[in-house]
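S.K.: Here are the chains, one letter per residue:
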Amino acid sequence: MAEPASPQAPVLALERLSKSFGALTVTRDVTLDVRPAEVHALIGPNGAGKTSLIAQIAGALAPDAGRILFAGADVTRLGMARRARRGLGRVFQISNVVGAFTSLENVALAAIVAGGRTFRCWRPALSDRAALEQARAMLERVGLADRMATPAAALSHGERRALELAMCLVQEPKLLLLDEPMAGTGRAESERLTALLAGLKGRIPILLVEHDMATVFALADRISVLISGAIAITGTPETVRADAVVRQAYLGDEEAV
Amino acid sequence: MSARAAGGGAGFAFLFRPAVLIALFALALAVAVWSGSGYAPTIIARTAILALAAVSLSFLIGQAGLVSFGHAAPLGIGAYAVLIAGEYGVTNALVLFPLGFAAAALWSAATGVIALRTRGVYFIMITLAFAQMLFYVAGSLSAFGGDDGLGIAARATFFGQRFLRTDTDLAVFAIAALGVTLLVLERLSAAPFGLMLRTGRANEEKLASLGLDPFVHRLVALAAAGGIAGIAGVLLANQVEYVSPATMNWHVSGELIVMVVLGGTKRLGGAVLGAVAVMVIDETLGHFTEFWKFGLGLVILGAVLLRGADLTQLIRGTAHG
Ligand SMILES: Nc1ncnc2c1ncn2[C@@H]1O[C@H](COP(=O)(O)OP(=O)(O)O)[C@@H](O)[C@H]1O
Ligand SMILES: [Mg+2]
Numbered sequence: 001m002a003e004p005a006s007p008q009a010p011v012l013a014l015e016r017l018s019k020s021f022g023a024l025t026v027t028r029d030v031t032l033d034v035r036p037a038e039v040h041a042l043i044g045p046n047g048a049g050k051t052s053l054i055a056q057i058a059g060a061l062a063p064d065a066g067r068i069l070f071a072g073a074d075v076t077r078l079g080m081a082r083r084a085r086r087g088l089g090r091v092f093q094i095s096n097v098v099g100a101f102t103s104l105e106n107v108a109l110a111a112i113v114a115g116g117r118t119f120r121c122w123r124p125a126l127s128d129r130a131a132l133e134q135a136r137a138m139l140e141r142v143g144l145a146d147r148m149a150t151p152a153a154a155l156s157h158g159e160r161r162a163l164e165l166a167m168c169l170v171q172e173p174k175l176l177l178l179d180e181p182m183a184g185t186g187r188a189e190s191e192r193l194t195a196l197l198a199g200l201k202g203r204i205p206i207l208l209v210e211h212d213m214a215t216v217f218a219l220a221d222r223i224s225v226l227i228s229g230a231i232a233i234t235g236t237p238e239t240v241r242a243d244a245v246v247r248q249a250y251l252g253d254e255e256a257v
Numbered sequence: 001m002s003a004r005a006a007g008g009g010a011g012f013a014f015l016f017r018p019a020v021l022i023a024l025f026a027l028a029l030a031v032a033v034w035s036g037s038g039y040a041p042t043i044i045a046r047t048a049i050l051a052l053a054a055v056s057l058s059f060l061i062g063q064a065g066l067v068s069f070g071h072a073a074p075l076g077i078g079a080y081a082v083l084i085a086g087e088y089g090v091t092n093a094l095v096l097f098p099l100g101f102a103a104a105a106l107w108s109a110a111t112g113v114i115a116l117r118t119r120g121v122y123f124i125m126i127t128l129a130f131a132q133m134l135f136y137v138a139g140s141l142s143a144f145g146g147d148d149g150l151g152i153a154a155r156a157t158f159f160g161q162r163f164l165r166t167d168t169d170l171a172v173f174a175i176a177a178l179g180v181t182l183l184v185l186e187r188l189s190a191a192p193f194g195l196m197l198r199t200g201r202a203n204e205e206k207l208a209s210l211g212l213d214p215f216v217h218r219l220v221a222l223a224a225a226g227g228i229a230g231i232a233g234v235l236l237a238n239q240v241e242y243v244s245p246a247t248m249n250w251h252v253s254g255e256l257i258v259m260v261v262l263g264g265t266k267r268l269g270g271a272v273l274g275a276v277a278v279m280v281i282d283e284t285l286g287h288f289t290e291f292w293k294f295g296l297g298l299v300i301l302g303a304v305l306l307r308g309a310d311l312t313q314l315i316r317g318t319a320h321g
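Listed in order, the protein sequences are those of chains W and G.
Using UniProt numbering, the first residue of the first sequence is number 1, and each one after it goes up by one.
Using UniProt numbering, the first residue of the second sequence is number 1, and each one after it goes up by one.
Next comes chain W alone, as it looks inside the complex (with noise of 0.2 angstroms):
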């Protein structure tokens, strides 16, 4: 079934997926790929189906019709976690960390599963050494070394992005799905996780959803353009950029694109 994986081979493929709800279609035989070491962004206007399409990758949304190649297999089938286990990290929209939990709690939490300690019985879970110091060296590595201690409920929206990347990075992803990491920070904050993103650039895949425009232009190999869930166009983002249906009906006269 899995044909073998050749360097050149999209780590994530996307063939001709739809969603409906109802009389209302999000996703609209959509055709996509993510190359090995390519930062691909894809925007829309709000409600074109961009979050709806990371919930179909992600397994939390079954798709109506088509098929999603991971890593070289098929797991249109597979649940959520099993295909976070096979690699698939994902970002939310919303902040999705355990509120309660401080940043240090929440990264080690994230690296327990992945270290697949899970059913450990005895030792407190934080006494997991092993675990701690992969949260610590991970939470210094988004830039987080000095909000260890605090509760993930008290970090700016920045902040819970930069911790949610660290959640994810534990896992070693094969493929980063990110829904607006930039969506509620300020204009330091998006620099700082525009930086953060930059420095994986070229390490691991990403699918970019995004609406900042400066984040996308500086960091995109490739840009998709989403319109009514249908893909309107995608290339580099000089073809994207000169686009006259795009320049219409997405970018407008913003002036700064």
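The set of hints was computed from the structure by calculation and includes no laboratory data.
There's no promise every hint is true.
Said to hold, decoys possible - Some chain W residues well away from chain G (every beta-carbon gap over 10 angstroms; in silico):
| id | residue |
| --- | --- |
| 1 | Q8 |
| 2 | A13 |
| 3 | R28 |
| 4 | L69 |
| 5 | G79 |
| 6 | A100 |
| 7 | A114 |
| 8 | D128 |
| 9 | S156 |
| 10 | Q171 |
| 11 | R192 |
| 12 | H211 |
| 13 | F217 |
| 14 | G235 |
| 15 | T239 |
As the list claims (entries may be wrong) - What the simulated footprint calls covered on chain W by chain G, stretch by stretch (three residues with Cβ under 8 angstroms from a Cβ of chain G suffice, anywhere in the stretch; the number is not a length):
| id | stretch |
| --- | --- |
| 16 | 80–88 |
| 17 | 93–99 |
For glycine and all other residues, C-beta sits at the position ideal for the given N, C-alpha and C.
Since the structure of chain W is already known, use the hints to place chain G with the ligands on it.
M.R.: Frame of chain W; chain G with the ligands shown alone:
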């Protein structure tokens, strides 16, 4: 909720400690024996036994977020294990306790496989339905007394030794079982196993996105809690020396939930305090009025209003941290 199993809290927090609770039980028993009361050791034994069942339910509700309204079923299974084994001449404690534990755990796991497909209110309903089913099945066992139940052949023995001769013996045994259970469940709660249960309760989607579907963890939690309730059932049958379907009736499940809610689910010791409170109310109000359950109802209402958010969130299954 916290990644650590037990939350902090000042004031009376020490009362929730297993060591303190067990010491108080032992002290109460010592006073009862010293005063020569015949009745007090019985009450203490019963309280410790019900506390044991309540603690196992508190583990389910507080850690895993699984509000079972059928916890009387494994309790009753433990009791019936004693009755049925006794009818076949088996009274050895080394058989009865493992048998009660295993039978109750098996029941909880088997029904859990189905019940765990549901959440929130539906989980409450389906566990209730399973327990009521067992209640009617027990009532139809004419060989074991049907609806009326039957007296047990004899209290449990240890290779022929009658080590549970008095209710004081039984109380000692029940208090010890309660202590061991509190210790084990607290370790389990603080360990990665408990952390996964709490995270699954607070944010199931996040746990799945990290790669863990906590179904098996929940099933194990159900089996363990059921098994402990089974042990409580074995002790209960030995104390009353009589077993009937009434042990499995829904209001027993309800009373166990009341104990858990009264004491709070943050710490397992809460269920012990809840059990003590219900027994005290039962023994005091019960003597004054036939309608003591009404009084209990008022106390419960107060407790639910005070801790309301906790329980309603649980029932909705949306206790997002
Ligand atoms: N579970 C659902 N049931 C019905 N409609 C939904 C559901 N989820 C999303 N939608 C609708 O689908 C459309 C696309 O939503 P979404 O994927 O969140 O878009 P985007 O992330 O691009 O803003 C919206 O109109 C939204 O209201
Ligand atoms: Mg969205």
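S.K.: Indicate, hint by hint, whether the structure satisfies it.
M.R.: Quick rundown of the hints versus the structure:
1. Q8: At roughly 27 angstroms from the nearest Cβ of chain G, Q8/W sits farther out than 10 angstroms, so the non-interface label holds.
2. A13: Its Cβ never comes within 10 angstroms of chain G, the nearest being 21 angstroms, so this holds.
3. R28: Non-interface label stands for R28/W: nearest chain G Cβ at 26 angstroms, farther than 10 angstroms.
4. L69: 19 angstroms, holds
5. G79: The claim breaks: G79/W does not keep its Cβ more than 10 angstroms from every Cβ of chain G (closest is about 6 angstroms).
6. A100: A100/W not clear of chain G: closest Cβ-Cβ about 4 angstroms, inside 10 angstroms.
7. A114: 7 angstroms, violated
8. D128: The claim breaks: D128/W does not keep its Cβ more than 10 angstroms from every Cβ of chain G (closest is about 7 angstroms).
9. S156: 18 angstroms, holds
10. Q171: 6 angstroms, violated
11. R192: About 23 angstroms separates R192/W from the closest Cβ of chain G, which puts it past 10 angstroms; holds.
12. H211: At roughly 22 angstroms from the nearest Cβ of chain G, H211/W sits farther out than 10 angstroms, so the non-interface label holds.
13. F217: Its Cβ never comes within 10 angstroms of chain G, the nearest being 28 angstroms, so this holds.
14. G235: Given a closest Cβ separation of 30 angstroms, the condition holds.
15. T239: 33 angstroms, holds
16. 80–88: holds (count 5)
17. 93–99: holds (count 4)
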